[in-house]
Amino acid sequence: MSPTLAGILFLGSLVLAVVAVHRPLGDYMFRVYTGRSHNRVERGVYRLIGTDPDAEQTWGAYARGVLAFSVAGVLFLYLLQRVQQHLLLSLGMDPVKPDQAWNTAVSFVTNTNWQSYSGESTMGHLVQMAGLAVQNFVSAAVGMAVAIALVRGFARKKSPHLGNFWVDLTRGSLRILLPIAFVGAVVLVAGGLVQNFHDGTTISTLTGGSQTITGGPVASQEVIKELGTNGGGFYNANSAHPFENGTAWTNWLEIFLILLIPFALPRTFGRMVGQKRQGYAIAAAMGVIAMASVVLTMVFQGVHHGTVPTAAGAATEGTETRFGVLNSAVFATATTLTSTGAVDSFHDSYTSLGGMMTMFNMMLGEVAPGGVGSGLYGMLVLAVITVFVAGLMVGRTPEYLGKKIGSREIKFAALYFLITPILVLAGTAVAMATRDGRAGMLNTGPHGLSEVLYAFTSASNNNGSAFAGLTVNTVFYDTALGLCMALGRFMPIVFVLALAGSLAGQGRVPASKGTLPTHRAQFVGMVAGVTVVLVALTFLPALALGPLAEGIHR
Amino acid sequence: MFNLSWVRRHLAAVRALLVFTVVLGVLYPLAVFGVAQLPGLHGKAEGSLVTSEGRTVGSALIGQSFTDKDGNPLKQYFQSRPSNAGDGYDPTATSASNLGPEDIVDTLPDPKLLAAGKEDENAKQSLLTQVCERSKSIGELDGVSGARPFCAPSGVGAVLAVFGERTTGGDVPHPTRVVSLNEQEGVVRAPFVAAYKGVRVELARYGEDYATGLVVPVRGDAPADPAVPPDAVTASGSGLDPHISPAYARLQTARVATARGIPSARVAELVKQHTGGRAVGFMGEPAVNVLELNLALDRQFPFRDRP
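The listed protein sequences derive, respectively, from chains A and B.
The numbers in full-length UniProt numbering rise by one with no breaks, and the one at position 188 of the first sequence is 188.
The numbers in full-length UniProt numbering rise by one with no breaks, and the one at position 37 of the second sequence is 37.
Nothing false has been slipped in among the hints.
Rough simulated footprint, nothing fancy, chain B against chain A, three-plus residues with beta-carbon under 8 Å:
no. : segment
1   : 4 to 17
2   : 197 to 207
3   : 305 to 311
4   : 319 to 327
5   : 338 to 346
6   : 466 to 475
Because the hints were derived from the structure by calculation, they are not lab data.
All C-beta atoms in this analysis are idealised placements derived from N, C-alpha and C, irrespective of residue type, glycine included.
Work the whole structure out from these sequences, hints included.
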């Protein structure tokens with residue numbers, strides 16, 4: 001079989017698998033978030049938290065819950081890293097220094113999982129499993145909770161309430177993420193991922209050298225890293241490390257886990273608003289963009305344009321033999337289209353245009369399909385912007401799912417959209433204007449700019465992948481990127497919840513002749529178009545100075 | 001702001017976090033650990049360790065270097081891919097090169113330091129030169145041509161700095177001066193090309209600033225599909241890649257057989273046995289596990305060092 005055909009089958013089988021499970025999983029999540037009864041474990045959790053699970057919250061209370069829980073997460077994670085030398089399973093690691101501990105704490109709580117540290121030389125096992133991996137679960141559950149709150153905003157009529165944050169958080173963690181993670185972790189162990197508590201076994205190699213075989217509870221963390229679209233690797237080499245991703249089929253499974261929930265949530269949305277076809281339209285818009293992106297990236301990597309890839313004969317620098325170039329390109333697309341940021345190959349060494357695609361994917365705002373939860377709420381905001389643009393064209397008041405998109409709603413949607421470009425472009429500009437910012441670049445010229453642009457894009461969009469040549473463990477980058485991650489996560493969340501509150505308070509306008517149907521191919525095309533055009537207009541000048549300048553030459 | 005509901009909300013948040021830490025951060029990984037003790041899973045959860053004659057010699061999933069103390073390849077062993085993990089295949093320092101596709105200009109070393117037998121820490125090989133140098137030395141080791149596109153015969157990237165007036169399209173039609181950027185005076189005797197557009201090509205001198213020249217990589221006439229395969233000249237993402245491509249294994253077969261004094265066909269047979277196909281028929285790429293192959297070689301055809 002030719003590598004090209006194998007690559008096409010690899011992609012095709014993933015698409016089929018995602019399509020096959022989106023329905024049962026989407027329906028299951030619908031039942032999880034709309035069910036009225038609480039099981040015994042959950043009742044125990046609510047008692048320990050001290051909350052009444054049947055009390056509903058306004059958008060403000062919901063948002064304050066999200067923020068309080070996240071602040072607690074950051075502080076706890078910061079503390080855990082600072083005192084790790086006194087804890088069990090510390091492997092003799094020193095405490096993480098303050099700016100890096102802040103950066104890492106924010107990074108994991110915001111579902112970014114940007115890593116300015118190298119796992120195997122910085123973090124003990126306890127910090128990894130009881131600190132970082134816990135945030136992998138709950139940051140994903142927070143994203144899903146916010147998405148569900150927005151969907152309730154569309155689904156409800158004249159209601160001041162959006163649900164109960166603590167209930168959504170608990171159910172998302174325990175009923176959705178935990179069972180899938182447990183099964184997935186066991187399967188990954190069968191693929192060679194380690195799950196032990198060794199501090200490293202030093203052995204004598206075949207030629208008499210010494211090598212330390214590292215250990216750790218890797219499988220249990222790897223699975224939620226992908227499923228929760230987190231992306232923070234146990235080891236520095238992330239999913240390229242054989243102990244994180246041992247075979248070609250674990251590679252397939254990890255990509256599947258990344259796409260699983262983001263592509264199933266539109267189904268949940270369709271069920272909750274009582275029109276499944278609305279969910280299909282959102283999933284289709286995600287799918288169209290994702291398909292175009294993955295095909296382009298595979299082509300750019302396969303054709304391997306550029307000086308070093310031509311000299312080598314293939315774009316194999318930074319890729320593993322067992323995955324090959326094309327499967328690595330699929331992973332790179334999945335990880336940057338969602339908010340994952342795990343890597344099974346190193347994007348810094350990709351062809352210029354292939355590397356640009358990974359950046360463009362993140363710039364799309366990670367909505368195709370996006371992170372767990374954040375992808376759905378991002379896409380719904382873009383749908384709101386789309387009906388607004390369409391309404392302007394024909395001169396009618398825009399409406400979406402029976403809700404009027406008035407000036408209040410469009411202000412929240414527009415503010416949501418503007419935050420990340422501002423963080424990315426202003427952040428990159430500040431870095432390029434200061435000596436500390438420029439000092440971090442490994443490569444020079446346009447590729448150096450790409451490294452910085454990639455870092456701010458990744459942090460502000462809560463992705464976490466990197467053009468890893470950039471030296472980011474400096475006070476400047478730890479602080480600046482930490483700020484971008486925090487603002488890029490919580491400001492959009494607050495605007496989404498405000499939008500949700502505003503929508504839930506409205507009644508429902510009956511569809512009329514002038515209502516734009518939002519379940520047809522026309523609307524799918526418009527949403528995809530608006531997404532790409534808005535991003536292209538925002539970021540093209542920056543891309544032209546970086547990857548385009550590097551990649552387009554004779 | 002510090003009213004009762006504010007305090008209550010944050011207390012709830014802290015309590016929620018502690019509950020989740022116990023359930024998801026302690027009980028869950030322990031449960032997976034428990035299941036991983038089952039036969040069939042246990043060995044994998046422990047790191048897929050490989051033993052030979054009763055001693056652990058590595059992990060089937062983690063690559064190794066098969067070199068002597070000075071880092072020279074041992075001829076009797078199949079060689080792994082280049083690695084950026086520490087000094088090579090160090091699992092406590094996993095890493096990729098992270099060098100970009102247009103990283104083609106070297107930072108040359110100070111000849112004074114070189115003459116004193118020291119290393120210049122500020123010198124840096126470009127990714128292109130790394131590829132070219134590896135190709136050259138593997139070609140010599142395995143008796144094939146190490147030539148590649150954009151590589152000079154001296155084993156560095158074939159890159160010129162062209163000085164002179166530029167057209168609006170960015171070309172320099174009438175250069176006034178041309179320098180071969182990666183070939184250093186005193187290290188290389190003559191540049192890879194004597195003249196460019198009628199101008200004599202100079203060797204690069206340490207400390208001179210060539211920033212105003214137009215950087216032009218020169219393709220040369222090497223085949224697009226060189227004898228030394230791509231995986232042999234590029235480093236992996238993890239720096240721990242346990243595999244090489246079947247093509248790179250085939251390239252090394254004759255040399256290994258000669259070193260061990262056995263017919264090439266026997267080694268080729270062993271390579272075939274240790275070549276894994278794609279998972280499920282279409283996932284990944286066919287690959288050869290280097291440690292397992294070398295272990296099998298040692299078992300079946302022990303190497304005797306002939307003085």
